[in-house]
Every structure is written in structure tokens, then in C-alpha cells.
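Chemist: Protein sequence lines, in the order shown, are assigned to chains A and B.
Counted from 1, the first sequence has number 161 at position 173 by my numbering; the numbering is strictly sequential.
Just remember that my numbering sits 103 ahead of the position in the second sequence, which is counted from 1.
Honestly, the hints are just simulated from the structure, not real lab data.
Computed from a predicted structure; not experimentally measured.
One or more of the hints may lead you astray.
[Claimed, not checked] Residues from chain A that keep clear of chain B, each with C-beta distances beyond 12 Å, as calculated:
id	residue
1	VAL79
2	GLY184
3	ARG215
[To be verified] The calculated DSBU-like cross-link candidates involving lysine-lysine, where the alpha carbons are at most 30 Å apart (straight line), are:
id	chain 1	residue 1	chain 2	residue 2
4	A	LYS210	B	LYS208
5	B	LYS150	A	LYS210
6	A	LYS210	B	LYS198
7	B	LYS167	A	LYS210
[To be verified] So, partial list: chain A residues that the calculated Cβ filter (under 7 Å) puts toward chain B:
id	residue
8	ALA209
9	TYR212
10	VAL214
11	LEU217
Just so you know, even glycine gets a beta-carbon here, dropped at the ideal spot from N, CA and C.
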Amino acid sequence: MNNSNDLLEIPLEFRIACLLNNFNIQDVLQAYVDHVSFFCTLYNSNLPGFSEATYITSEYSVGNKGNRQQTDDDKPAINRLVAVKYVRQMVALSFKTQLTETVRFKQSKKMVNKLFSAIASFKYCPEKLYIDEESMLIFTKDFRIICEIHSIYPKPYLEHFMNKVSWAEAHARVDLNADTMDSGLLLFIKLTNGLGKLKRQEIEITDAVLEYIDEAEQLRAKHYLVRNLEQRIAIYREFFLEHYNRIINQNT
Amino acid sequence: MEVTIKLDIAEDFNLACKIFNITPETFLQTIVSKISLPYFYSHPNTKKQWATMLFLEYIMLIEKDDDEANINGMYLDKMYSVLTNILSEHNDEEKAESCARKVFKEWHRAIISKRAEYLIKKILK
């Protein structure tokens, strides 16, 4: 079921969010992967982008401990003692509050590399994953370590993240000054605000695009009366879906 | 209702009016005449209601979280439900507009009495 041979399923809401922000789907997924940090799983971090990406990942790990595959050879993939040693070092580092968080983060890299080398084989997460004929994701050491430790393939992590992203929900929560927002959504919003310096695709300015830009600006005022979050999200979702379809159809 | 207003207009606006041969009064009067929340929300298909949207953008900017915000939220909800009922069942925009206006005036009375209450409390202290 979680066979890494199956192509990744990209949810519609995620496609919509990427298109309407002129993002390449692969770039967004790569940015997510790049921001997952093993070090951040060990403490309550506050590093923009890294904390959110790591949090969503840990959220999935905690709920979905994979079943360790029975392998033919008896050698464990991870030398437990060595791994624990490096993890202990990293936890100790996380307590060194006399150093700034960024400095601690930089210093953790060495330990992550050592932990990576201590893992004999990566049965769960390959070096790369093709999401379609032309695009591939490159998995970081941090990400591969996490997959291996939790016995979970990369696909479920990626899908878990993508399922959190909804442009409609992001707008509705911001427009209604909602108190909280899911980490996955926060991460995506940060990407739209410049985190990771994602390239924006060059798009053709069609009528559909112009109409979308025009009406998106009026969205908040037009629905000022709708105070209920769920209703607002539903209205926005319909709006973005309609414009997404128009833009796609005009491009083909 | 006529009010007298004193305004300080910036040079850019002043020059723009002169170039296009309009008076600031005419322009501002046009905008002000078009600001209507009951009309705006009862005519969702009418485009380019910029005047009301400008007004809404402004209130969204200055929105505060206080006692009055609660009353405002309540009446926004009421306007919303009145409007959706009428528009979806009868599709009568004019009826929707007049009902929305009734709610709007009720809202005004509620706010005024809330403020009066507050003043009275202050005086009696």
C-alpha cells in the first residue's frame, strides 16, 4: 500500500494552492522536505519553516508507527547504541540555551551526518522520488533518518503535508483573524511569503488570470458578513476552485 | 442628509482633479453616495461596487476586538441569515435590500443604546 513505486497522489486543494501562487508542485514539496529537521524533532523548536515542517512530520510519525518490515537478513539497519549516542548529543545541544537557536541548529548538522552514516541501509526512504516523468524530489539526510527510525515511507509523509494545504482555508483563517492555524498551512503561507525563495512560474496573463486577480481582491469585503469560519472556508473553496478551473481551461 | 466637511487634500489629488477637470466635491460626493452595505450585500452580482468595498476595507483595517465587536458580529450574522434566506428562496434583490436595511437600522439602535448605557454608567459613578 505504501509502496514507493506508486506515484504520489497530489490532492486537488494542493494543486489549486500551488497554481494560484504560481508555484511548481515539485518545488513546494522539495521545500517541505528541505525544512524537515531531525534536530527539531527533539525539542520545542522555534525556527521559521523548520519548526512547521518538522511538526507536521512528527504529527504523522506519532500517529502512524509503521510495521517494521521483516527482512531476510538479521542485521538491524540501525546500530541502536550508536544512534542513541548521537541523539543524546543532540538533545544535550538543544539545551544549550546560551547559544542562539540558529547556532545550535548549525552545530546539529555534524551530529545528523554522523547519525546518517551510522545507519547501514535505508529501507524506507530512497535518495530520490519521481513524482512524474520530469520532476523528482531529493530526500535530505534528516528526512531519510526520520523515515527509517519510524519505519514509514516518504509518500505518506508527503501526502499528510499536502492534505493540510488549502488556499481557501488559509485565506479564511487570515480574514477572520482565527486564533490558530495548522502547521502545514502555516508552512505553505510562509513559502508564499518568501521562505525558501521558491521560484514563481512565469504565467501567461490570460483573461481568466486577470479576472481571478481582480475578484480575489474583493473576496474579503464581499464576504464580510460571513463570520462563521466553516462557512467562509466553504465559500472561498468554491471561489478558488472555480477560478482554478477557468485558468486551467484557458491555458489548454 | 447634508453635512459640512473640511478636508485637507494632498497635491497629487488636487492636481489630478484639475487635470481631469473635476472638482474634489463632485468626486467625493459620487463615492459617498454609493456607500451602502444593505445594497452591496443584497446585490452580489452587481460588479464594481468600489465605494462600499473601500469603506469595508477601511473598517476591516480598524477593526477592534471590544464589546461593540460582539454586537457588530451579532448583527452581521443576522444580516447574513436574512439575506441568504431571501435571496435563495425568493431571489428578490429589492426585498433583500429593504430587509437588510431594517436589520442595519436595528444594528444602529443597538450600538447607540450600548454607548448611552456606557455613558450613563460613567456619569453615575
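Chemist: With a cut-off of 7 Å on the beta carbons, see whether VAL214/A makes it to chain B.
Modeler: 6 Å, holds
Chemist: Taking only the CA atoms, is the gap from LYS150/B to LYS210/A under or equal to 30 Å?
Modeler: 11 Å, holds
Chemist: Compare the distance between the alpha carbons of LYS210/A and LYS208/B with 30 Å, and conclude whether the hinted pair is satisfied.
Modeler: Distance of about 20 Å is within 30 Å: holds.
Chemist: If you take the shortest Cβ to Cβ gap from LEU217/A to chain B, is it below 7 Å?
Modeler: 12 Å, violated
Chemist: Classify the hint on TYR212/A as holds or violated, based on whether any CB of chain B lies nearer than 7 Å to its CB.
Modeler: Holds: closest Cβ of chain B sits about 6 Å from TYR212/A, inside 7 Å.
Chemist: The output says VAL79/A does not contact chain B. Does that hold with a beta carbon cutoff of 12 Å?
Modeler: Since the minimum Cβ distance to chain B is about 40 Å, VAL79/A lies beyond 12 Å and the statement holds.
Chemist: Please check whether the beta-carbon of GLY184/A is more than 12 Å away from every beta-carbon in chain B.
Modeler: Holds, since 30 Å exceeds 12 Å.
Chemist: With 7 Å as the cut and Cβ atoms as the points, is ALA209/A at the interface with chain B?
Modeler: 4 Å, holds
Chemist: Classify the label on ARG215/A as holds or violated, using whether its beta-carbon is more than 12 Å from each beta-carbon of chain B.
Modeler: ARG215/A not clear of chain B: closest Cβ-Cβ about 6 Å, inside 12 Å.
Chemist: Taking 30 Å as the top limit, are the C-alpha atoms of LYS210/A and LYS198/B close enough?
Modeler: 19 Å, holds
Chemist: Keeping to a limit of 30 Å between CA atoms, is the pair of LYS167/B and LYS210/A held or broken?
Modeler: 20 Å, holds
Hint compliance for this structure: hints 3, 11 are not met, and every other hint is.
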